[in-house]
Amino acid sequence: MATAGAWERLSVLSAWRETRYFDEQEQAALALAEYVTGISDSHANTGLYESAAEGLTPGQMSAVSWMAMSINTSNRVAIGSSYKVAPPGTARNRATKTRAAVRHIFVS
Numbered sequence: 724m725a726t727a728g729a730w731e732r733l734s735v736l737s738a739w740r741e742t743r744y745f746d747e748q749e750q751a752a753l754a755l756a757e758y759v760t761g762i763s764d765s766h767a768n769t770g771l772y773e774s775a776a777e778g779l780t781p782g783q784m785s786a787v788s789w790m791a792m793s794i795n796t797s798n799r800v801a802i803g804s805s806y807k808v809a810p811p812g813t814a815r816n817r818a819t820k821t822r823a824a825v826r827h828i829f830v831s
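In my numbering, the protein residues as written are 724 to 831.
Worth flagging that the hints you see were computed from the coordinates, not collected in a lab.
All C-beta atoms in this analysis are idealised placements derived from N, C-alpha and C, irrespective of residue type, glycine included.
One thing to keep in mind: the hints can contain errors.
Pairwise CB distance ranges, derived in the manner of DEER restraints [as the list claims (entries may be wrong)]:
#1 S805 <-> L733: 23 to 29 Å
#2 T742 <-> V800: 26 to 32 Å
#3 R743 <-> V800: 34 to 40 Å
#4 S774 <-> S805: 34 to 40 Å
Please work from the sequences and hints to get the whole structure.
Encoded structure:
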């Protein structure tokens, strides 16, 4: 796995399968998040869910699923209500808190 900074990893997140920036556990989490996000298109896919289960603990699977659902819900509400994006700089504090919460889940 190649070493990359946070911004490099974030910039290739949409192509996570084609990079070497994410380890097996992170790939399992990303696959699960994509599965939860696209479940209305793909419906139940036990193979993908079981594959994620191999790389994550039940608690991590629950956390990833809930984070994906929460973000998806927020996006749908924001899009549906024509929510205006915050000015540059104000989102950094929220991003820092989110990163800390994610680290706590995977490090604990």
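Status of each hint after checking the structure:
For the pair S805 and L733, the beta carbons lie near 26 Å from each other, so the given range of 23 to 29 Å is met. Distance hint for T742 and V800: a CB-CB separation of about 31 Å, consistent with the stated range 26 to 32 Å. Checked against the hint of 34 to 40 Å, the C-beta distance between R743 and V800 comes to roughly 35 Å, which is consistent with it. In this structure the supplied range 34 to 40 Å holds for S774 paired with S805, their Cβ-Cβ distance being about 37 Å.
Of the numbered hints listed earlier, not one is contradicted by the structure.
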